[in-house]
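Enquirer: The residues making up each chain are set out below.
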Amino acid sequence: MKTTILLVLLGACYILTSASLVEAQPQFSGQPPYQPLNQATPPGVAGQWAGALGRADMIYYQPVLIKLPGGGKVTVTHHLTGQKHEMKAPAQAGFLVGPLYRFRISNIPEFPGVELYPSIELIDRLHPPAGLKQKYPVPIEITEADIAAAMNDLLVTKVIYLEQPDLAIPRAQQASIHEERIPQSKNLITEADLRGRPVVILRLGGRIPSPVELLGNPLNPPAPIEINR
Amino acid sequence: MKYYFLALGTLVVVCVGCAVDGQQVIDKGEYHAPPAAMMQRPGPMVGLPYPAIMPPMAPAPVPVIPRTSQIRFVGPEGMMVGWQVGQGFAENQKMAPGRHNFLQGATYRLKATSIPGREGLVLYPTLQVYPAHPTTDAYLTHNSVPLQITDEDLDQIETNNFVTKVIYLPEPKFQELAIAGVETLVSTRLNPGVDPVSEADRRGTIMAVLRIGNMDLEMPGRNGNINTVSYIQADGALGQYVEPMPIGLAGTSSGVPASSMVMGGPSYPGGAPYNPVSGVGGVPAWGMPQTATPIGLVGPPHLPYGGPAGLKRHIIRNNTRVDMGRPVDQFTAVVRHEPGIRMPHPVRHMEYTEKHPVYGPNDLSEPAWNVGPGGYGPPPGMPQR
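Chains as they are written, first to last, in the numbering used here: chain A, 231 to 459; chain B, 243 to 627.
Where hints are given, some of them may not hold.
[Claimed, not checked] Using 25 Å as the maximum straight-line C-alpha spacing, the simulated SDA-like pairs for lysine to any residue come out as follows: (1) A/Lys416 - B/Lys336; (2) B/Lys597 - A/Leu397; (3) B/Lys336 - A/Phe341; (4) B/Lys336 - A/Leu397; (5) B/Lys597 - A/Pro263.
[Stated by the list, open to error] With the C-beta cut set under 8 Å, the calculated list includes, among others, these residues of chain B facing chain A: (6) Pro339; (7) Gly340; (8) Gln346; (9) Pro388; (10) Gln390; (11) Thr392; (12) His591; (13) Tyr594; (14) Thr595.
Calculated directly from the structure, the hints in this document are not laboratory data. Note that the coordinates shown come from a computational prediction; the quantities given were computed from them, not determined experimentally. Heads up, the beta-carbon is just placed ideally off N, CA and C, and yes, glycines get one too.
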């Protein structure tokens with residue numbers, strides 16, 4: 231009898247111990263995979279991590295297509311000389327994965343006189359068939375609502391992801407890409423990761439560089455940009 | 243028999259105690275990454291631009307704009323803003339609405355004049371521009387910080403009240419809006435006794451603090467019978483523009499250093515340096531001849547001048563009773579994060595099942611995250627939206 235009670239209690243101890251150990255490593259039950267980065271992470275860190283994780287290819291320029299409402303102009307600067315190159319929107323240029331790039335948008339018909347300086351950082355790249363990378367760029371769409379929000383002291387952060395085929399909306403893509411609004415309380419990168427593969431982080435605000443800053447070329451990108459002339 | 247059950251009970255307590263260490267009683271399955279500042283730097287005094295566990299495969303992130311905060315003077319429209327430069331003021335430097343870049347981690351004295359509807363009112367507010375924090379870095383590099391003096395503020399000031407306005411970025415986890423924006427706390431709208439700076443610090447991360455009273459800093463004769471003459475160094479109305487000069491530090495009272503490295507530096511001529519570090523910021527390095535004596539006095543020169551050193555012994559007896567304790571040869575600091583840092587464990591085993599949906603003609607299927615229950619995917623175990 232004593233032996234039976236002892237075995238039962240020892241069994242209970244073992245179950246308690248093993249149950250707790252299982253809980254120490256929770257599985258993906260009811261919550262998304264853990265993501266240490268989020269939209270509040272300082273600009274450049276996500277790109278830096280992507281580079282450190284081996285996603286950066288220093289010779290592959292990922293084409294990015296920048297669309298503005300009603301046209302407008304996109305200006306990028308040379309990373310060494312500071313020479314400015316102005317392109318008509320939608321403008322396409324190649325960027326490296328990792329560095330934080332900043333460019334200027336201006337001459338937007340709906341917002342005369344407004345110049346904004348959004349930043350993008352690529353945290354991944356696409357893998358199109360050979361020779362077709364210029365045909366399938368990563369589209370970045372800056373809408374009127376985004377510009378209006380930026381001018382009202384708001385910080386617009388967008389994570390552009392490549393949708394997962396199994397989880398994609400089964401509808402043809404419209405003129406504007408599918409966009410969802412996620413509350414600040416949620417992790418934007420996690421939400422994008424649930425829907426596909428995050429590729430680009432876009433940030434847009436209303437800060438305008440001072441004339442001194444513009445003279446000193448502080449907006450020069452830390453790495454080259456590929457431009458197709 | 244009772245000793246048997248006593249031993250058995252002890253065994254149960256020990257086993258359960260080993261399994262339940264206080265953290266796992268209620269396991270929510272949450273992970274807690276180190277604070278954002280630690281994610282950028284691997285440790286105190288080590289300023290690597292990337293996590294120490296990862297090699298630098300990509301260029302280090304560089305600040306795209308120098309460490310300044312762009313303050314935007316929203317209103318009242320037409321108000322002229324100047325700032326203190328040395329002992330005088332540079333007046334009419336900006337007209338609201340206007341903006342200017344102020345160096346972070348500094349306090350400035352502003353001068354507000356030509357306030358519409360308040361003829362003759364001149365204000366001398368102080369503006370504390372806080373250092374950028376990892377949580378505000380993205381906002382400050384892309385946005386300006388709006389600063390508005392309202393009619394209510396001006397009424398309060400004219401009735402001898404002191405107004406403190408704190409502009410802060412709310413904590414994202416409490417935000418249900420999709421786009422990040424700033425909020426302003428005004429001391430006059432808080433309950434008596436509530437410190438707006440502490441309250442804003444609790445709700446988010448402070449970016450700037452504006453304090454306004456009705457004290458006239460250029461009143462003639464404020465130093466007894468001597469009539470001081472205001473010394474204006476620049477006037478924007480004449481096309482003279484001068485960068486503002488800080489009158490003090492800002493943001494250090496919160497306990498967060500302005501930089502990742504704690505640096506020493508001089509204070510003022512003849513004064514003791516702050517955070518003295520030998521050889522840094524004007525603090526003499528060890529071994530220099532001017533600190534040759536143990537009590538800080540300069541040692542005697544070689545006499546006669548120009549001759550060979552003849553002094554063989556120089557004795558100073560210090561009879562001061564000193565009780566400073568014994569030198570510490572071992573120091574232990576116990577640091578604890580609440581909640582503790584917890585990251586997913588490395589994967590040991592993975593099973594991968596790929597499901598291919600099969601559809602008939604004219605079938606249309608929506609993903610579960612778009613239409614809710616009834617749609618397909620994500621796979622079991624993943625969150626269903």
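Enquirer: Between B/Lys336 and A/Leu397, does the CA-CA distance stay at or below 25 Å?
Expert: Roughly 53 Å between the alpha carbons, so the hint for B/Lys336 and A/Leu397 is violated.
Enquirer: Hold the hint about B/Pro339 up to the distance rule: shortest CB distance to chain A must be less than 8 Å.
Expert: 12 Å, violated
Enquirer: Holds or violated: the hint that B/Gln390 contacts chain A, with Cβ atoms closer than 8 Å.
Expert: 11 Å, violated
Enquirer: Measure nothing beyond the straight line between the CA atoms of B/Lys597 and A/Pro263; if it is 25 Å or shorter, mark the hint as holding.
Expert: Answer holds: B/Lys597 to A/Pro263 is near 20 Å, not above 25 Å.
Enquirer: Given B/Thr595 as an interface hint, is its Cβ closer than 8 Å to any Cβ of chain A?
Expert: Violated. Min distance 12 Å.
Enquirer: With a cut-off of 8 Å, does the beta carbon of B/His591 approach a beta carbon of chain A closely enough for the hint to hold?
Expert: Violated - the Cβ of B/His591 stays beyond 8 Å from chain A, reaching only about 11 Å at its closest.
Enquirer: Against chain A, is B/Gln346 within 8 Å by beta-carbon distance?
Expert: Because about 13 Å separates B/Gln346 from the closest Cβ in chain A, which is outside the 8 Å limit, the hint is violated.
Enquirer: Grab the minimum C-beta distance from B/Gly340 to chain A and call the hint holds if it beats 8 Å, violated otherwise.
Expert: With a minimum Cβ separation of about 11 Å from chain A (threshold 8 Å), the hint on B/Gly340 is violated.
Enquirer: Minimum Cβ distance from B/Thr392 to chain A below 8 Å?
Expert: 16 Å, violated
Enquirer: Please work out if A/Lys416 and B/Lys336 have their alpha carbons no farther apart than 25 Å.
Expert: 39 Å, violated
Enquirer: Would you settle whether the hint for B/Pro388 is holds or violated, based on the nearest Cβ-Cβ distance to chain A being less than 8 Å?
Expert: It holds, given that the least Cβ distance between B/Pro388 and chain A is near 5 Å, below 8 Å.
Enquirer: Is the hinted pair B/Lys336 and A/Phe341 satisfied, with a Cα-Cα distance of at most 25 Å?
Expert: 24 Å, holds
Hints 1, 4, 6, 7, 8, 10, 11, 12, 13 and 14 from the list above are not met by this structure, while the remaining hints are.
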